Amino acid sequence: ETGVTQSPTHLIKTRGQQVTLRCSSQSGHNTVSWYQQALGQGPQFIFQYYREEENGRGNFPPRFSGLQFPNYSSELNVNALELDDSALYLCASTPQQGAPDTQYFGPGTRLTVL
Amino acid sequence: GQQLNQSPQSMFIQEGEDVSMNCTSSSIFNTWLWYKQDPGEGPVLLIALYKAGELTSNGRLTAQFGITRKDSFLNISASIPSDVGIYFCAGQKGASGSRLTFGEGTQLTVNP
Chain A
1074 ETGVTQSPTH
1084 LIKTRGQQVT
1094 LRCSSQSGHN
1104 TVSWYQQALG
1114 QGPQFIFQYY
1124 REEENGRGNF
1134 PPRFSGLQFP
1144 NYSSELNVNA
1154 LELDDSALYL
1164 CASTPQQGAP
1174 DTQYFGPGTR
1184 LTVL
Chain B
-10 GQQLNQSPQS
0 MFIQEGEDVS
10 MNCTSSSIFN
20 TWLWYKQDPG
30 EGPVLLIALY
40 KAGELTSNGR
50 LTAQFGITRK
60 DSFLNISASI
70 PSDVGIYFCA
80 GQKGASGSRL
90 TFGEGTQLTV
100 NP
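Protein sequences appear in the order of chains A and B.
The numbering of the first sequence is the working numbering, which starts it at 1074 and goes up by one.
The numbering of the second sequence is the working numbering, which starts it at -10 and goes up by one.
Next up, chain A with everything else stripped away, as it sits in the complex (with noise of 0.2 Å):
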């Protein structure tokens, strides 16, 4: 148990529509990092939310955008859902500055885009 929930467990979309992903940190943790993991690879990292800023993405389209709250939970919005989006995608919480010993994932949301 690391403390990292998300929700959902598991989504189907259809192409073409928008998702919100949700993640709640470790308590403590002020840094969050999303990652997409497509079956069959490691995780991809998408971008990492600071103190409500993006501080730093990954190789995706803006469409992928997120958001981060005062409590330092977050989302992940992606919008004109395609069918490669379909993954297993991951958080990632960590206290600022962190060594990655202190970085914890959560259990992923499963998203199917048909």
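To be clear, the hints were calculated from the coordinates, so they are not data collected in a lab.
All values reported here derive from a predicted model rather than from experimental measurement.
Heads up, some of the hints might be wrong.
Claimed, not checked - With the C-beta cut set under 10 Å, the calculated list includes, among others, these residues of chain A facing chain B:
#1 Val1077
#2 Thr1082
#3 Tyr1108
#4 Phe1120
#5 Leu1163
#6 Tyr1177
#7 Pro1180
Where a beta carbon is used, it is the ideal one built from N, C-alpha and C, also for glycine.
Given chain A's structure and the hints, the job is docking chain B onto it.
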């Protein structure tokens, strides 16, 4: 996006055997990490390596940070059925808390 080259892709071993997997990169990382992921779960950190040449153990697991800072390996000794899962290496280039770059994973199956 960039991923680390992790091998082997899968392994089928008998309980009690030792296992070795490795990860290489064309670029330098300041930190190397090894994770295990079970079905329906997020990755769980096994070992973190912070210094080139460092050899670190966690129970039956041993990992090393390559001297060139471009590679790492993980050994599991005396495997048991609960070692089944997907093992990922990950590298971190920047300051603590910065993005992780993951390998493609090694699927480990342990036959009792």
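Now for the hints, and whether the structure bears them out:
Because the smallest distance between the Cβ of Val1077 of chain A and any Cβ of chain B comes to about 7 Å, under 10 Å, the interface hint for this residue holds. With a cut of 10 Å, the hint placing Thr1082 of chain A at the interface with chain B holds, because the nearest CB-to-CB distance is about 8 Å. Contact between Tyr1108 of chain A and chain B, as hinted, is supported at the beta carbon level, the nearest pair being about 8 Å apart and thus within 10 Å. Interface restraint check for Phe1120 of chain A: the shortest CB-CB distance to chain B comes to about 9 Å, inside 10 Å, so the restraint holds.
Proximity of Leu1163 of chain A to chain B holds as hinted, the smallest CB-CB distance being about 5 Å (cut-off 10 Å). Restraint check, Tyr1177 of chain A versus chain B: the minimum CB separation of about 8 Å is within 10 Å; hint holds. Hint on Pro1180 of chain A holds. Least Cβ distance to chain B is approximately 5 Å, under the 10 Å limit.
In this structure, every one of the numbered hints holds.
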